[in-house]
Amino acid sequence: MIFGFAVTVAGAATLVALWSFVQSARNRLPDNPLLIALAVVELLLVVQLVIGIVLLAGGDRPGSLATYLAYLIGSLVVLPVGAAWALAERSRSSTAVLGIACLAIPVMVLRLNEVWSGATA
Amino acid sequence: MEQQRRTASGPGRVLVAVYAIFALAATSRAGVQIGTKFHEAPLAYLLSAFAAVVYIVATIALARRGDGWWRVALVACSIELLGVLTIGTLSLVDAAAFRHPTVWSVYGEGYLFIPLVLPVIGLYWLRKSAPAKVSA
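Going line by line, the protein sequences match chains A and B.
Just so you know, this note's numbering puts 30 at position 30 of the first sequence, and the rest follows in order with no gaps.
To convert, take the position in the second sequence, counting from 1, and add 1000; that gives this note's numbering.
Possibly wrong hints are sitting among the right ones.
Here are the simulated distance ranges between beta carbons [stated by the list, open to error]:
id : chain 1 : residue 1 : chain 2 : residue 2 : range
1  : B       : ARG1099   : A       : ARG26     : 38 to 48 Å
2  : B       : GLU1109   : A       : PRO80     : 22 to 32 Å
3  : A       : GLU89     : B       : ASP1067   : 32 to 42 Å
4  : B       : ALA1096   : A       : ARG26     : 42 to 52 Å
5  : A       : THR14     : B       : LEU1123   : 36 to 46 Å
6  : B       : LEU1046   : A       : GLY118    : 24 to 34 Å
7  : A       : THR120    : B       : ILE1121   : 29 to 39 Å
8  : B       : ARG1064   : A       : LEU49     : 23 to 33 Å
9  : B       : VAL1075   : A       : VAL50     : 38 to 48 Å
10 : A       : GLY58     : B       : THR1036   : 19 to 29 Å
11 : A       : ALA119    : B       : ALA1096   : 13 to 23 Å
12 : A       : PRO80     : B       : ALA1097   : 32 to 42 Å
Short, incomplete list of chain A residues facing chain B, as computed with Cβ under 10 Å [stated by the list, open to error]:
id : residue
13 : ASN27
14 : LEU29
15 : ALA66
16 : TRP85
17 : ARG92
18 : ILE100
Which residues of chain A face chain B? A few of them, derived with a C-beta cut under 8 Å, are [what the hints assert, rightly or not]:
id : residue
19 : THR14
20 : ASP31
21 : ALA70
22 : ALA96
Keep in mind that the hints were calculated from the coordinates and are not lab data.
Think of the CB as a built atom: it goes at the ideal place given N, C-alpha and C, for glycine as much as any other residue.
Start from the sequences and build out the full structure, keeping to the hints where you can.
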């Protein structure tokens, strides 16, 4: 994996998570700027998937291919599902839901990089 | 207009979101473990799968309305608490038998102890949103 890019994705997701929690504490509903920020993080995750596939195609192998693919693809699912769940009932809680979904991303990206560097589980 | 308390409303939506993430994490982990190295530690990996099923059931039950789903959520959260306490204790007492990690090993240490806290919050939330408390 390209470590610098992983840090960028994890950092961006963490920032959007913090933003969500601040907005929730201010009693705000999910608004467009927040949703756009979420979309940007999702876009970065798509780029990460492409990088991951290109590296695999180039012959590099992670510690566990199945685990690696699970994190690579799983990380794409979290934000859209989280956003759908958040927007189905708009309240300050749904803003916090977006924050929770974003918090899962740095964890998954970190694990993805561990697996890429040889961790087997 | 009466405001019915529902498990998936208000703060409950955040709870469902956390449960869903754990359902995803536990299911993926169990799937990979069973799919690629089941023979290494069948018991540990079956436990992983069991934990995954409990998280999935809890997520769905908490997300749904109705007394029936409320009871399902109560059972799922209770099993979850029992599971994390039992496996957590066993993994400390007999570390050799639990070398292969499950979500519930050492009370969910590998997951920031969230597996230990989550069922407690879940049960508290179910108590607050109990059907008996909903005035008709």
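Right, here's what the structure says about each hint:
{"no.": "1", "hint": "B:ARG1099 to A:ARG26: 38 to 48 Å", "verdict": "holds, 47 Å"}
{"no.": "2", "hint": "B:GLU1109 to A:PRO80: 22 to 32 Å", "verdict": "holds, 30 Å"}
{"no.": "3", "hint": "A:GLU89 to B:ASP1067: 32 to 42 Å", "verdict": "violated, 20 Å"}
{"no.": "4", "hint": "B:ALA1096 to A:ARG26: 42 to 52 Å", "verdict": "holds, 51 Å"}
{"no.": "5", "hint": "A:THR14 to B:LEU1123: 36 to 46 Å", "verdict": "violated, 30 Å"}
{"no.": "6", "hint": "B:LEU1046 to A:GLY118: 24 to 34 Å", "verdict": "holds, 27 Å"}
{"no.": "7", "hint": "A:THR120 to B:ILE1121: 29 to 39 Å", "verdict": "holds, 32 Å"}
{"no.": "8", "hint": "B:ARG1064 to A:LEU49: 23 to 33 Å", "verdict": "holds, 32 Å"}
{"no.": "9", "hint": "B:VAL1075 to A:VAL50: 38 to 48 Å", "verdict": "holds, 43 Å"}
{"no.": "10", "hint": "A:GLY58 to B:THR1036: 19 to 29 Å", "verdict": "holds, 23 Å"}
{"no.": "11", "hint": "A:ALA119 to B:ALA1096: 13 to 23 Å", "verdict": "holds, 22 Å"}
{"no.": "12", "hint": "A:PRO80 to B:ALA1097: 32 to 42 Å", "verdict": "holds, 40 Å"}
{"no.": "13", "hint": "ASN27", "verdict": "violated, 13 Å"}
{"no.": "14", "hint": "LEU29", "verdict": "violated, 12 Å"}
{"no.": "15", "hint": "ALA66", "verdict": "holds, 5 Å"}
{"no.": "16", "hint": "TRP85", "verdict": "holds, 6 Å"}
{"no.": "17", "hint": "ARG92", "verdict": "holds, 9 Å"}
{"no.": "18", "hint": "ILE100", "verdict": "holds, 5 Å"}
{"no.": "19", "hint": "THR14", "verdict": "violated, 15 Å"}
{"no.": "20", "hint": "ASP31", "verdict": "violated, 17 Å"}
{"no.": "21", "hint": "ALA70", "verdict": "holds, 4 Å"}
{"no.": "22", "hint": "ALA96", "verdict": "holds, 5 Å"}
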